[in-house]
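J.: Going down the list, the protein sequences come from chains A and B.
Going letter by letter, the first sequence gives residues 3 to 420 in my numbering.
Going letter by letter, the second sequence gives residues 3 to 420 in my numbering.
These are calculated hints, taken from the structure and not from any lab test.
Treat each hint with caution, since some may be false.
[Stated by the list, open to error] Selected chain B positions facing chain A (in silico; Cβ < 10 Å):
1. 55
2. 57
3. 59
4. 63
5. 98
6. 115
7. 203
8. 382
9. 413
10. 417
Source: prediction; values computed, not measured.
Cβ atoms here follow ideal geometry from the backbone N, Cα and C, with glycine treated the same way.
Number of protein chains: 2
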Amino acid sequence: MDHTKYALELAQKARRASRKVASLNTAEKNRALVAMAGELKKSSTEIESANRKDLRAGEKAGLSAALLDRLRVTPDRLRGMAAGLREVANLEDPVGRVIDRRVRPNGLVITRVRDPIGVIGIIYESRPNVTVDAAGLCLKAGNAVILRGGKEAIHSNLALAGILRRAMEDTALPVDALQIVNVVDRAVVGELLKLDQYLDLIIPRGGESLIRAVVENSTIPVIKHYKGICHIYVAASADPEMALKIVDNAKTQRPGVCNAVETLLVDRKIADSFLPDLRARLVGKGVELRGCDQTRAVLSEIKRAVESDWYEEYLDLILSVKVVEGVVEAVDHINNYGSHHSDAIITEDEEEAEFFTRRVDSAAVYVNASTRFTDGGQFGLGAEIGISTDKLHARGPMGLEELTTYKYVVRGEGQIRE
Amino acid sequence: MDHTKYALELAQKARRASRKVASLNTAEKNRALVAMAGELKKSSTEIESANRKDLRAGEKAGLSAALLDRLRVTPDRLRGMAAGLREVANLEDPVGRVIDRRVRPNGLVITRVRDPIGVIGIIYESRPNVTVDAAGLCLKAGNAVILRGGKEAIHSNLALAGILRRAMEDTALPVDALQIVNVVDRAVVGELLKLDQYLDLIIPRGGESLIRAVVENSTIPVIKHYKGICHIYVAASADPEMALKIVDNAKTQRPGVCNAVETLLVDRKIADSFLPDLRARLVGKGVELRGCDQTRAVLSEIKRAVESDWYEEYLDLILSVKVVEGVVEAVDHINNYGSHHSDAIITEDEEEAEFFTRRVDSAAVYVNASTRFTDGGQFGLGAEIGISTDKLHARGPMGLEELTTYKYVVRGEGQIRE
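I would like the entire structure built from these sequences, with the hints used as guidance.
T.: Pasting the structure below:
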């Protein structure tokens, strides 16, 4: 079948099914999610066999050990996926919630009510668990979902989606509400991204080049983050012990994630005392420091940070360090070089904290805490479908609520406009 | 200067200014808006002289009387623009409002705070008042704005924007927060639409072809509505007098607007009695009816509605009429042929009303009221910057709040992630 026709059929099926999903009540959706979890557990042999095909192909293709690990579906990870579906079933259903109500002078009662978005496309890379997690969240929020995973995981993803769809057969959820692209050719994605009549939202998850290609080719709204260049600014009034503990955590607890810190900004007034303590704390943990000239005036042995370092998402045990004149310069640096993801100030000065939180133009702005908390679970949203550094619709971690829109429902008794 | 460079400079200036606007307090913004209103009133001669150039060029170019009327800045309309700015000054400032607050088990206090979007591009057609209205709303919500009006109104728009910028000189608002594209060539718009690093949102206002061109060429998020194909469904249980009054209002009160009704759906059980009354009420007012076969079985003299009629936004005294089997068929018709704008049911049956409001996939769904109320002012939002039939970020009328985003502000006492 040609790609245009294939993409169109997928999208049309999803659109039709989305109307049905939107009309289900919470209990119907939850029963289906629990059934899907059960079917996953029963189907471990089927999944592992599909996963082995991907792993063998990956080894042949020379994937790195890290990538092969991401690809692997262990019994533990499979249990995690099933548990995730049950957790989503337990989350409060946003659909139908009245978020605003006003009575107009003419008697019209105007409510804003949470409503499913419709059809959501998820484009992702290697981890097969996204297939299950994204499906669960989108369906619970009353949407249909079109999944498109990486080619490395194609067998695993098709097996997982097939099992979920099988489980849906005996539930109120229409099977067509979960679509998975079974063609590896990228041309299909290009076709899907133009079908704005049938898809309402695209969430790409993966590397910057994947996301940029999606944004450039989509006529459907896209919510995304390209990367996380997160900063911590240690102000002159900071508690130095707290600052060290937070920087250490934000850099070393899991350096490969988007909310890890990449650049440290230190107030000039405390540079002489703070920087040697920083070195003592981090170098033993294998962190490479790269500094501006003023930083190197204190820590002479470290590598010089060049202009491109301030734009770099290392995702590794590397930290660039810059001495700044104060909070104004810190904020300017963050707004100019950062990625508008997560940035923190360590300070004991309330006025300075206020200035920082108002002026830093990022999805999450922290006072005296680690940037590593930017995460749907940590924020109390339940599960998360992704993190947005966009400003439209959703900013920061996106949970169930961010997978809904609202509609206005207006009730009258014959009112007309004069 | 070449277009690429011109667009980039405009966008960069707006981005820099946006940081300043975002940091202003409410009083500073309001004082500026009032100053802008005052300057407009003082500058009527300047505006009228610029407007005359546009009108003369329009006459030469053979613009219709309706278009020339849209273009005209009368003393009354100028007073309206100034009054609009003062009204926006009186609206509550959304920026800084805490919309959510939660304390996590680890003691982190997580708030969601309303925050300006940043830089907003408004692309519009002939009415010069949009220059003033859009500038006022965007600035009040803490944003910088880039305006791009139609070429027919270029002199009027440049004069208006120039006067507003002049008024801003003595206020806290940076002059560069209001940019207007002074080049008629469309290539500049094409350049602007790719500058997603500097612009955060595009709102196009105008005909469908303008909006479609913007969506297809933009890498910046766009909020829009293409058109308004609004429906009224008269259920079997409807109060016929109320139904006639509402249909009449929604069709004839102002037929050229997006929330006017275009298609009437009538339950088969009442078609024989209702349709002759409809004809009696509307035909005298110059409304042309076009009907499906079942409608024409009752009103034999009217024109037959063809398939394309159900997709048509007449913006005129024409109403297509279809007889349906009940609320299920009505909802299906609306979701398949409609534009997801504003749709109404007239019914005395609460269960049917509930079904309709849940299932109709539109920005505004009415029970027993005219679709003509879909409007920021009527909904109590104050002024409106546009209406969205999108589902992301804003749906329905967009006021000041929809010109903001939110950020997460997280306060701790040294918390780190375990």
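J.: Take the hints in turn and mark each one as holding or not.
T.: Results of checking the hints against the structure:
1. 55: violated, 36 Å
2. 57: Violated - the Cβ of residue 57 of chain B stays beyond 10 Å from chain A, reaching only about 31 Å at its closest.
3. 59: Constraint on residue 59 of chain B not satisfied, violated at 34 Å.
4. 63: violated, 32 Å
5. 98: holds, 8 Å
6. 115: Because about 8 Å separates residue 115 of chain B from the closest Cβ in chain A, which is inside the 10 Å limit, the hint holds.
7. 203: holds, 6 Å
8. 382: holds, 5 Å
9. 413: holds, 5 Å
10. 417: holds, 5 Å
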